[in-house]
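Student: The chain contents come next:
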Amino acid sequence: MATHWSQHLHALFKQQNIRQVSFVPDAGHTALIKLCEADGVMRAVRLTTEEEGIALAVGAWLGGDKSVLLMQSSGVGNCINMLSMLSVCQIPLTMLVTMRGDWAEFNPWQVPMGRAVQAVLEEMGVLVNRADREEEILPLAEGALRLAFNTLRPTAVLIGQRLLGAKTFDQ
Amino acid sequence: MTAGMQSSPKLQRRAVVRALLADRGNLLVIAGLGAPAWDATEAGDHALNFPLWGGMGGAAAIGLGLALAQPDRRVLVLTGDGELLMGMGSLATIGVQRPRNLALVVLDNEHYGETGMQPSHTKFGVDLVSCATACGFAASTLVTTMQQVTALRADIYRAGGPLFAQIKIAADKLPLVLPPRDGTHLKNRFREALFGKDAYFQR
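Residue numbers (the numbering used here), protein chains in the order written: chain L, 1 to 171; chain E, 1 to 203.
It should be emphasised that the hints constitute simulated quantities derived from the structure, not laboratory data. Treat each hint with caution, since some may be false.
Unchecked claim - SDA-like mimics (lysine to any residue), calculated; alpha carbons at most 25 Å apart, straight line:
id, chain 1, residue 1, chain 2, residue 2
1, L, K34, E, A15
2, L, K34, E, K123
3, E, K197, L, K34
4, L, K34, E, R191
5, E, K197, L, L163
6, L, K14, E, Y200
7, L, K14, E, Q202
8, E, K197, L, Q16
9, E, K10, L, Q16
10, L, K14, E, C135
11, L, K14, E, L194
12, L, K14, E, K123
13, E, K123, E, Y157
14, L, K14, E, G136
15, L, K34, E, P99
16, E, K197, L, Q90
17, L, K34, E, Q97
18, L, K14, E, R191
Unchecked claim - Derived CB-CB ranges, DEER-like:
id, chain 1, residue 1, chain 2, residue 2, range
19, L, E134, E, G44, 48 to 56 Å
20, L, N107, E, R18, 38 to 46 Å
21, L, N107, E, P175, 31 to 39 Å
22, E, P119, L, Q15, 31 to 39 Å
23, L, G125, E, A47, 48 to 56 Å
24, E, R73, L, R46, 52 to 60 Å
Claimed, not checked - Which chain L residues stay away from chain E? Per the calculated CB distances, all over 10 Å, these:
id, residue
25, P25
26, A27
27, T49
28, Q90
29, I91
30, D102
31, W103
32, R115
33, E142
The beta-carbon is built from N, C-alpha and C at its ideal position, and this holds for glycine as well.
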């Protein structure tokens, strides 16, 4: 598992003054979550469902905090209605989405949401970019953060499954 | 709770909210969609009210994000039973974060007021107070009298949270008192009240 880009992302979050990082734990985000939890300035918020992270971002922004939501592609499906608030209120948020169901996937139940993620996010007004090579992650994440907080829109970076390595369930 | 409690008159929601928001000082208020938003507006619309018109299930989590961003301000989430039930997981999320400055108050009329007054889960006995306690709230209270409302108001402005209260209110349909529904305006007026013109130049 690549930890190097996780460290760069954490440094990027600090440089961009991200104060609240919310997540439902996901394997692809493990290292980044650990770094955010250990960070004394950032607040890492463990969610029971990903849609809480969208609502959290609304409250955070009202109070002056920038936030980022880390989730797996399946979690995006849980967010759909809550995403309405971001476009209606022009509240910025960047989402980093680790992909399932798009490369060498073992679990059939992951495929539908993996296929639907980009279209669903875009239908809800989110500006989406996708990283399929490791060197793309940091520039895309920085671009997504700047775009979100400069133009007051939700943005997302999808991190491709081939880049993360597929979960094999020991098969 | 005495045997006769169920038949005594339920509290009037507008009186409850007026009492909670009296002399509000620096309180920051999130009002859940539907009747709680009308109640908060009837008590006096305010730049530091953020009345929701959607995102059902999200009010408590919005309150959490705000409380974490503004640790020196008291934050009150005023919402309905149906709205809170849709976001029950946020009780656990809040319990784990333990924000001392957050109070979550449910105006429980035991019905979905905006969709035809259908009964909600609390009508069938779901005990939100116990749920909040089990999720780690610092204090969690069932409120059935105006005396308790007065005590709750004091706690909202003072006590170490996160606080939870389930206030049993009558299921009357009251005249609408509508806040603005332009979300960008609501967001801007809130941030401008907190940050002045810097709200538009955040880095």
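Student: Hint by hint, say whether it matches the structure.
Tutor: Here's how the hints hold up against the structure:
no.: 1; hint: K34/L to A15/E; result: 47 Å, violated
no.: 2; hint: K34/L to K123/E; result: 42 Å, violated
no.: 3; hint: K197/E to K34/L; result: 36 Å, violated
no.: 4; hint: K34/L to R191/E; result: 31 Å, violated
no.: 5; hint: K197/E to L163/L; result: 43 Å, violated
no.: 6; hint: K14/L to Y200/E; result: 21 Å, holds
no.: 7; hint: K14/L to Q202/E; result: 15 Å, holds
no.: 8; hint: K197/E to Q16/L; result: 21 Å, holds
no.: 9; hint: K10/E to Q16/L; result: 50 Å, violated
no.: 10; hint: K14/L to C135/E; result: 31 Å, violated
no.: 11; hint: K14/L to L194/E; result: 23 Å, holds
no.: 12; hint: K14/L to K123/E; result: 47 Å, violated
no.: 13; hint: K123/E to Y157/E; result: 30 Å, violated
no.: 14; hint: K14/L to G136/E; result: 30 Å, violated
no.: 15; hint: K34/L to P99/E; result: 21 Å, holds
no.: 16; hint: K197/E to Q90/L; result: 17 Å, holds
no.: 17; hint: K34/L to Q97/E; result: 16 Å, holds
no.: 18; hint: K14/L to R191/E; result: 22 Å, holds
no.: 19; hint: E134/L to G44/E: 48 to 56 Å; result: 54 Å, holds
no.: 20; hint: N107/L to R18/E: 38 to 46 Å; result: 53 Å, violated
no.: 21; hint: N107/L to P175/E: 31 to 39 Å; result: 52 Å, violated
no.: 22; hint: P119/E to Q15/L: 31 to 39 Å; result: 51 Å, violated
no.: 23; hint: G125/L to A47/E: 48 to 56 Å; result: 26 Å, violated
no.: 24; hint: R73/E to R46/L: 52 to 60 Å; result: 23 Å, violated
no.: 25; hint: P25; result: 13 Å, holds
no.: 26; hint: A27; result: 21 Å, holds
no.: 27; hint: T49; result: 5 Å, violated
no.: 28; hint: Q90; result: 5 Å, violated
no.: 29; hint: I91; result: 6 Å, violated
no.: 30; hint: D102; result: 27 Å, holds
no.: 31; hint: W103; result: 30 Å, holds
no.: 32; hint: R115; result: 26 Å, holds
no.: 33; hint: E142; result: 15 Å, holds
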